[in-house]
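Peer 1: Sequence:
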Amino acid sequence: VSSGTRCSRRMGGCSCEVVCADTHPGEEVGLLGSPEPLGSWQPAKVVRLATDGELFPRWRGNLPQLPVGAEFKFVIVQPDGGLRWEPIQDNRRWPAGGAGGGGGG
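First residue of the sequence shown? That's 81 in the numbering used here, and the numbers climb one at a time after it.
Worth flagging that the hints you see were computed from the coordinates, not collected in a lab. Keep in mind that this is a model prediction, so the values were computed, not measured. Note that CB positions come from ideal geometry on N, CA and C, so glycine has one too. Please note: incorrect hints may appear among the correct ones.
[Unchecked claim] Distance windows between CB atoms, simulated:
id: 1; residue 1: V148; residue 2: V99; range: 19 to 25 Å
id: 2; residue 1: A176; residue 2: R140; range: 17 to 23 Å
id: 3; residue 1: D160; residue 2: A130; range: 17 to 23 Å
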């Protein structure tokens with residue numbers, strides 16, 4: 081997953097875009113994190129992003145308003161429901177204002 085993550089505010093939440101060309105057919109990119117809207121770290125509750133032939137390798141989705149500093153990671157959701165976690169040591173933290181890279185700490 082590229083560090084080129086962008087999130088922009090919208091009423092009641094934000095839209096998120098991330099670049100990930102590491103997926104194979106049938107796989108999806110998602111977010112999983114500490115707050116309930118991001119699944120409370122429960123793989124079955126991953127928030128999936130979407131792409132298409134024109135958009136790929138960019139993945140987009142709408143997210144609810146998240147608390148500043150909420151921990152999360154991007155994952156690749158495999159067809160069998162398994163997850164491949166992004167290979168960064170620390171969790172990302174949701175940025176103030178809901179914009180920016182949400183870089184790891």
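Peer 1: Hint by hint, note whether the structure agrees.
Peer 2: Evaluation of the provided hints:
A C-beta distance of roughly 23 Å is found between V148 and V99, which places it inside the suggested range of 19 to 25 Å. For A176 and R140, the Cβ-Cβ distance of about 22 Å falls inside the hinted range of 17 to 23 Å, so the restraint holds. Look at D160 against A130: about 20 Å separates their beta carbons, and that is inside 17 to 23 Å.
In summary, the structure agrees with every hint in the numbered list given earlier.
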